Amino acid sequence: MTTSTLDRAVSPTPGVGTKGNLLAGTGQLVRLALRRDRIVLPLWVLVIGVMAAAGAGAYETLYPTQAERAALTATMGSNPSLTLLYGPAFDLSTAGGFTAWRYGTLLPLFLALACIFTVTRHTRQEEDTGRQELLSSTVVGRYAPLTAAVITAGIGALATGLLMVVTLAGAGLPAAGSVAFGLGTALVGLVFVGVATIAVQLGEYSRTANGIASAVLGATFLFRAVGDSATDISWLSWLSPIGWGTQVRAYADERWWVLVLLAGAALLLGTIGYRLLPRRDVGLSLIPARPGPAEASPGLNSVLALSWRLHRGALIGWLIGFAVMGALYGSLTAGIGDLLGDSAQAEQMIQRMGGSESIERAFIAATAGITAMIASLYAVQATLRMRAEEVGIRVEPLLATRVSRLGWAASHLTFVLLGTALIQTTAGLFMGLLHGLRVNDVGEQLPSVLGASVAQLPAIWVVAGAAVVIFGFLPKAATTAWAVAALFLLISMFGPAVGASQAVLNVSPFQHVPKLPSADFTATPLVWLTVVALALLGAGLARFRTRDIG
Amino acid sequence: MDNAISISGLHKSFGRTKALDGLDLSVATGEVHGFLGPNGSGKSTTVRVLLGLLRADKGTVNLLGGDPWHDAASLHRRLAYVPGDVSLWPNLSGGEVIDLLGRLRGGLDTKRRQELIERFDLDPKKKGRTYSKGNRQKVAIVAALASNVELLIMDEPTAGLDPLMEATFQYAISEEREKGRTVLLSSHILAEVEALCDRVSIIRNGRTVETGTLADLRHLTRTTISAELAGHPNGLSRLEHVHDLKIEGNHVRFDVETSALDEALRQLSSIGVRSLTSQPPTLEELFLRHYTDTSDSKAASAS
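Just so you know, the sequences run in chain order A and B.
For the first sequence, our numbering begins at 1 and goes up steadily by one.
For the second sequence, our numbering begins at 1001 and goes up steadily by one.
Think of the hints as simulated: they come from the structure by calculation, not from any bench.
Bear in mind that the values here come from a model prediction, so they are computed numbers and not experimental data.
Heads up, a few of these hints could be off.
[Said to hold, decoys possible] Heads up, simulated DSSO-like pairs for lysine-lysine below, C-alpha to C-alpha not over 27 Å straight-line:
{"hint": "1", "chain 1": "A", "residue 1": "K476", "chain 2": "B", "residue 2": "K1111"}
{"hint": "2", "chain 1": "B", "residue 1": "K1111", "chain 2": "B", "residue 2": "K1179"}
{"hint": "3", "chain 1": "B", "residue 1": "K1127", "chain 2": "B", "residue 2": "K1179"}
{"hint": "4", "chain 1": "A", "residue 1": "K476", "chain 2": "B", "residue 2": "K1179"}
{"hint": "5", "chain 1": "B", "residue 1": "K1127", "chain 2": "B", "residue 2": "K1111"}
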């Protein structure tokens, strides 16, 4: 079946695309893209599409009585540290309202990422590899590749939204709210399809284009996070498409007009992308490349120096992101307690969160965990850089010199291990500093917050180790390392909410880190996590040393 | 004789695909050895085994007196490699790549580097993808030739070079030979092979089908004879190594294998020769015969 699909995708079909030369061949390109993404696209549609319904089912069991639901509204719903992550809670007294709150920011975030990567993959990456030239020499219109990428990502976004509507309604939630939630999420995806159409015109490489679009996504998420947590600057949320997604207020007296805002933004951004496209040549960008030095500086004399050149751009970007994130969390920490008030239920809630007498400490512990989970994504990205070098046949000339395989891998893993340490420490440093400044106690707060962040490092390295194992043993399926990282993240972020069993929660390494500073410091789990990380690294490298390259 | 490379009975499979099926190859120290074969015959796989990038399933491989799999890094100090498909880092200039690869090999001759950059007319300031295929190839060639090594392994290095650069390349390789360096040169360009190679090995379907000097190989092929005889040509069809015999009156035309040339000519002169032309095989014919399928050659020998 798959072969026939491929045949159809590449065989010229007369009559298709004759409507306008500029779009000629779009149909075939869409089929080619769907054929190439036949596993990954259904996978993200499925995971993102059913997650909300899965969570909705747990609501009835977790909060069966009216009293418990009222308590939920009073505690969780007004907890700014939670609105920071999940957005404003409009109605926690129904399963639908709870689901829309719990998943209303993160699922659109994941969908937006998937849409960005899909557009880039079928546009910039095709140009990077030179495949686009091959395709463009056939009857393919100038706008066809971008249109095909937009259609492919659009199909994914709309399919995800549709699956959400069907599964949520199927789980017994009100139809109107389900449509609002599914459509809102899909439209956020389409907005970032629009962002990606611009990013691929600006960045010269797929990596740069992904970086630009992801940075925009990160900024909009931050705007929403700040706007939702701080009442005096709530207008910030309205600068963010993800904020609009929550403002649809699914299951809480839906505001349908906000959907028009999203659709309009998607259309506007897409139009800008299409307008920019004819202003550049295939393979080049709007920002022209500058010539480099004729001779290498004396420092460029080892694979480590080369790896620094390859990793520094991404690392600096992550570093800035983590500094901003840490500063943001730090500046919010002190206000958390005041906003919560002093209800008995709140106290109970905080204790249940595995914390202590202080909500501030619980907040610090929670954010240290969140930054660590995000840092583990950098670990995967940096580890997979090795695979990209291998597939790009750039590693072979290096290994044909006196560079050993382990030496080459070590040069990259230096940036994986130290890079994660650096960004995680930076987040902790800025959070501790800002929090300390606000409470006039830098001397006390900085080490405590920093400690909570640094304690997460062994868990991050376990994710890095898993990525190295996959790179060593299953190089052709190296991208599944993302799935592993995403699984850990989903378990730790949503597992407690859907009432997952302890055995499931224990799968994630982040579950085992002591929740500093509220909990007591215990070295044992950290030692074990380090041992696991080292074992995984060792096994992956041992396999890499003896497997075929390429 | 001292061999820089000796391979015998090399096997390598990728899943169910057999890439190498008992390949033999020996390259003497100081020679330029042509490594030929149709696309997909296993040349690049052999090169990658020699570099320790792939692990051999079976067979022995000796490179500069060591095992390329176990002693990869130490052997690599003594060789330079030019891949057939050069991919550069997008954010590094060509000059930086040349210096980096040279330094990783253990140093490069900066005077020679400058000279080669000028000779190959390369702009070292350009970055990664802004180079054309030919120019990317030049970056790898300059990096290899500017390093001080005993052995050059080149996998179709001139694919993508213009004729002028091709000539520059040939001149540079002949200089390397004079310096006593060993070169393993995989190539499809026959003029290049003829101009540069002391010996050649031809492989097909992962197996060596022929190896020797070009003169040796010519001996293994057929000469076309066309003759006007004094009488009717008799007895030629009985000769074992005569092919495609055509007789028109007293005129005869046939192909004969080099080993039987003597006998065939004796038969002709016994009848009496009025005129005779003989045509040695061209290099193209020689290679085409080795490149075409086994079924063809079987059919040819059966006829």
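Self-check item: Hint numbers not upheld by this structure, sorted from lowest to highest
Solution: Numbers 1, 3 and 4 - these are the hints that the structure violates, sorted from lowest upward.
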